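Can you make the complete structure from the sequences, with help from the hints?
There are 2 protein chains.
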Amino acid sequence: QVQAQKEIILKNFNVEINFVAIANSSHMILDQLISDSAIASLIAKDESCQASNVESTIDYLATTPANLKVLIDCTASDHIPDLYSSCFESGISVITANKKGLSGPLSRYKDIMRSATDNKQTFLYETTAGAALPFIKSIKDLIISGDQIEEIEGVFSGTLSYLFNSYNGSVPFSKIVTDARNQGYTEPDPRDDLSGMDVARKLVILARELGLMIEVNNVEIENLVNEAHRDLSIESYLKEIVNDDAAIEDKLNQAIKDNKVLRYVAQLDHNGKASVKLDTLNNDHPFSELVGTENIIKFKTKRYSEYPLVHKGPGAGPEVTASGIFGDLFTLFNIH
Amino acid sequence: QVQAQKEIILKNFNVEINFVAIANSSHMILDQLISDSAIASLIAKDESCQASNVESTIDYLATTPANLKVLIDCTASDHIPDLYSSCFESGISVITANKKGLSGPLSRYKDIMRSATDNKQTFLYETTAGAALPFIKSIKDLIISGDQIEEIEGVFSGTLSYLFNSYNGSVPFSKIVTDARNQGYTEPDPRDDLSGMDVARKLVILARELGLMIEVNNVEIENLVNEAHRDLSIESYLKEIVNDDAAIEDKLNQAIKDNKVLRYVAQLDHNGKASVKLDTLNNDHPFSELVGTENIIKFKTKRYSEYPLVHKGPGAGPEVTASGIFGDLFTLFNIH
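Here the protein sequences line up with chains A and B, keeping their order.
UniProt numbering applies: residue 1 is where the first sequence begins, and numbers increase by one.
UniProt numbering applies: residue 1 is where the second sequence begins, and numbers increase by one.
Hints listed in this document are in silico derivations from the structure and should not be mistaken for laboratory results.
This one's a predicted model, so the numbers in the text were calculated from it and none came from an experiment.
We put the beta carbon where it would ideally sit given N, CA and C, even for glycine.
All clues given are correct.
Far from chain A by the CB rule (all over 12 Å, computed), these chain B residues:
| hint | residue |
| --- | --- |
| 1 | N18 |
| 2 | S56 |
| 3 | D78 |
| 4 | R108 |
| 5 | K260 |
Pairwise CB distance ranges (calculated):
| hint | chain 1 | residue 1 | chain 2 | residue 2 | range |
| --- | --- | --- | --- | --- | --- |
| 6 | B | N182 | A | A246 | 55 to 61 Å |
| 7 | A | L281 | B | K140 | 32 to 38 Å |
| 8 | B | S90 | A | F333 | 24 to 30 Å |
| 9 | A | I39 | B | E215 | 41 to 47 Å |
| 10 | A | L68 | B | K45 | 47 to 53 Å |
Laid out in structure tokens, this is it:
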């Protein structure tokens with residue numbers, strides 16, 4: 001996307017974008033002018049590329065002259081967030097889709113935020129919750145304009161949204177999960193989604209944005225993985241998962257009997273009370289009409305009290321996430 | 001709101017805000033340091049205030065030293081937009097909630113936009129459509145990131161949303177309109193809402209944002225005011241309006257029979273085809289669940305193709321509009 005929009009951005013905003021370093025988990029390229037063919041070699045994991053090393057990428061960025069430098073972290077690495085502070089110290093801004101730095105230990109979170117402020121560098125992370133949907137931006141806008149957020153509620157996982165929007169009893173839940181996994185809709189280990197941990201991390205990011213300094217272990221999490229299956233290998237788990245069908249089918253049947261639907265819902269109030277859980281909602285509840293991988297967020301605030309502020313749309317997927325990253329990049333240009 | 005947040009903004013963003021000119025339709029104050037008591041005199045239309053004059057307000061702003069100057073136009077005046085260009089030429093940015101400059105003659109619109117660009121001044125207008133809901137910002141973000149908007153659809157009038165969300169046949173439509181007028185939910189002349197002109201203006205603003213250079217008279221408008229009643233005085237109209245009840249009741253009864261609802265819907269496609277009309281929608285259509293004065297916008301784009309991007313919430317009212325203006329002010333600080 002950035003490559004495709006380079007000329008438009010140069011023309012309309014007089015900003016020239018250059019990739020000087022690009023890497024995936026195994027390979028990287030450090031070059032003043034990275035060409036489309038170099039990107040193709042990287043994707044092909046060609047021998048012309050060096051082995052990936054984030055530290056040397058940051059060193060290279062730090063010593064390369066430019067008006068504005070940015071590291072874009074699209075990994076799920078727990079290590080790279082430890083390097084954000086050294087980016088800020090070297091005059092590099094950071095844009096991230098990686099939830100680990102923001103939802104991990106509070107002390108690291110505070111160090112990252114303090115380092116960005118102290119070094120006057122920009123740190124943007126809209127895509128860590130809701131992909132390109134304006135979850136983070138809405139919170140910033142509401143707070144800066146003096147509104148008070150009383151409650152946040154939503155469906156924050158494209159994967160869990162898809163699973164429960166699809167599950168109507170005609171096909172066993174385990175089959176929906178394994179089919180979704182085969183189509184790449186879940187993590188390679190579906191327990192990463194079903195554990196509720198991904199949703200809890202997003203809720204922690206939003207809570208901290210509200211100034212509520214909670215940790216993931218302060219979130220009441222309903223883990224949808226049977227306790228006996230949590231430590232199995234992926235292969236064994238995928239065999240065992242059919243044994244969980246009866247329990248979830250009971251829940252669905254009860255919900256259907258009550259004219260309700262199952263949705264995996266995240267909730268946060270202004271006291272920091274946070275939970276992520278499989279909820280049974282009325283058929284006419286706004287979350288009941290979600291389709292596909294749609295995410296939704298509902299803000300109840302001092303001003304939006306009677307009727308909440310709602311954003312809805314696909315909250316996952318490479319295209320919309322890339323467009324969210326792009327939005328952050330655009331914000332960065334605007335600030336500088 | 002700005003007054004209440006001044007200290008927080010000074011502390012967090014190191015930006016000091018001063019009001020140097022403030023005016024309503026009849027009175028104004030021009031002073032380097034406007035106090036809360038001066039604002040009270042203005043509201044009271046006290047003798048200590050001068051008679052309102054926009055030209056001299058702009059002159060005063062132009063000659064007052066400051067790092068960043070902004071004129072905020074919250075009027076519905078057709079005259080003030082003619083002065084935006086002279087603001088830009090004098091180094092004054094403009095934030096507006098006034099639809100007239102943006103939806104009026106295309107030549108004036110282009111002059112305003114060109115003048116803002118030529119003089120490197122910022123022109124922001126998020127609240128001209130959807131109050132604080134991110135209608136304009138979403139279009140900018142989608143386009144800059146290289147997405148293509150194929151269709152926009154929504155309910156863009158808080159007043160018409162309220163009227164049709166309330167109208168279920170138990171009370172005549174004319175009574176809902178006059179009650180709403182008495183509570184200040186409609187314009188003093190409800191025909192300004194019922195004519196569809198307000199919605200058409202908003203649609204023109206959004207269309208131009210997409211690069212579709214249409215005029216209000218290119219919009220197919222369904223005027224809900226009986227032709228015979230369009231030229232009456234307000235008083236006579238409010239007496240005559242009961243005679244329109246039968247026609248709208250027929251429409252409602254037909255809709256109820258078909259399990260449908262009535263909603264005043266705005267539509268725009270990427271060829272510039274634009275319409276605003278009273279539509280009958282299925283009971284399970286997302287617009288059918290609107291309540292109160294809620295607005296909704298649905299973007300169908302190249303990326304958001306299967307499932308649209310949706311923003312919903314109160315799209316009218318002084319508090320949310322003020323918070324939208326505040327958002328623009330915050331964007332202005334960020335840019336500079």
